[in-house]
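Given these sequences and hints, build the entire structure.
Read left to right, the sequence shown gives residues 221 to 308 (the numbering used here).
A portion of the hints provided could be inaccurate.
[Stated by the list, open to error] Label-pair distances were calculated between CB atoms; the ranges are:
#1 237 x 293: 14 to 22 Å
#2 280 x 254: 21 to 29 Å
#3 244 x 290: 43 to 51 Å
#4 292 x 245: 42 to 50 Å
#5 264 x 231: 29 to 37 Å
#6 280 x 240: 32 to 40 Å
#7 222 x 289: 17 to 25 Å
#8 268 x 241: 20 to 28 Å
#9 271 x 229: 28 to 36 Å
#10 231 x 293: 30 to 38 Å
No lab work stands behind these hints, which were simulated from the structure alone.
A quick note: this is a predicted structure, and the numbers were derived from the prediction, not measured.
Glycine residues also receive a C-beta, built at the ideal position from the N, C-alpha and C atoms.
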Amino acid sequence: MFVDEAGLNLSMSRLFARAMNGFIAVGSIPGSKGGNVSLIGALSLDGLVAAMTVPGSTNTDVFLTYVTEILISKPKSFLEVLPSGHFS
221 MFVDEAGLNL SMSRLFARAM NGFIAVGSIP GSKGGNVSLI GALSLDGLVA AMTVPGSTNT
281 DVFLTYVTEI LISKPKSFLE VLPSGHFS
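Written out as structure tokens, the structure reads:
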């Protein structure tokens, strides 16, 4: 089982677009800045096991809440957590 975290900003948008020859690409982007969101997920050979989103960034308290409240409640045969970053 692999546990990973990713962050994104809700106002992210592409700077360029594609359209068929002879057409203009039309779209819109958010007018205001969006907030940051963190996604924590666990992936096993069976697929996505548990996922959680939180506003803002992930810290030790958020990660421990994910492990104790979300991940531990899921049935599993083996769990090993290897941190890929430093939580402060």
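Verification of the supplied hints:
Evaluation of the 14 to 22 Å hint for residue 237 and residue 293 yields a failure: the beta carbon distance comes to about 42 Å. Roughly 25 Å separates the CB atoms of residue 280 and residue 254, a value that falls within the hinted 21 to 29 Å. Checked against the given bound of 43 to 51 Å, the beta carbons of residue 244 and residue 290, roughly 45 Å apart, stay inside it. Look at residue 292 against residue 245: about 47 Å separates their beta carbons, and that is inside 42 to 50 Å.
In this structure the hint that residue 264 and residue 231 lie 29 to 37 Å apart at CB holds, the actual value being about 33 Å. For residue 280 and residue 240, the Cβ-Cβ distance of about 50 Å falls outside the hinted range of 32 to 40 Å, so the restraint is violated. Judged by the Cβ atoms, the range 17 to 25 Å given for residue 222 and residue 289 holds: they are separated by roughly 19 Å. Against the hinted window of 20 to 28 Å, the Cβ-Cβ separation of residue 268 and residue 241 comes to about 39 Å, which falls outside the hint.
With their beta carbons about 19 Å apart, residue 271 and residue 229 fall outside the hinted range of 28 to 36 Å. Hint check: residue 231 to residue 293, Cβ distance near 33 Å, so the stated range 30 to 38 Å holds.
When the structure is compared with the earlier hints, violations turn up for hints 1, 6, 8 and 9 and for no others.
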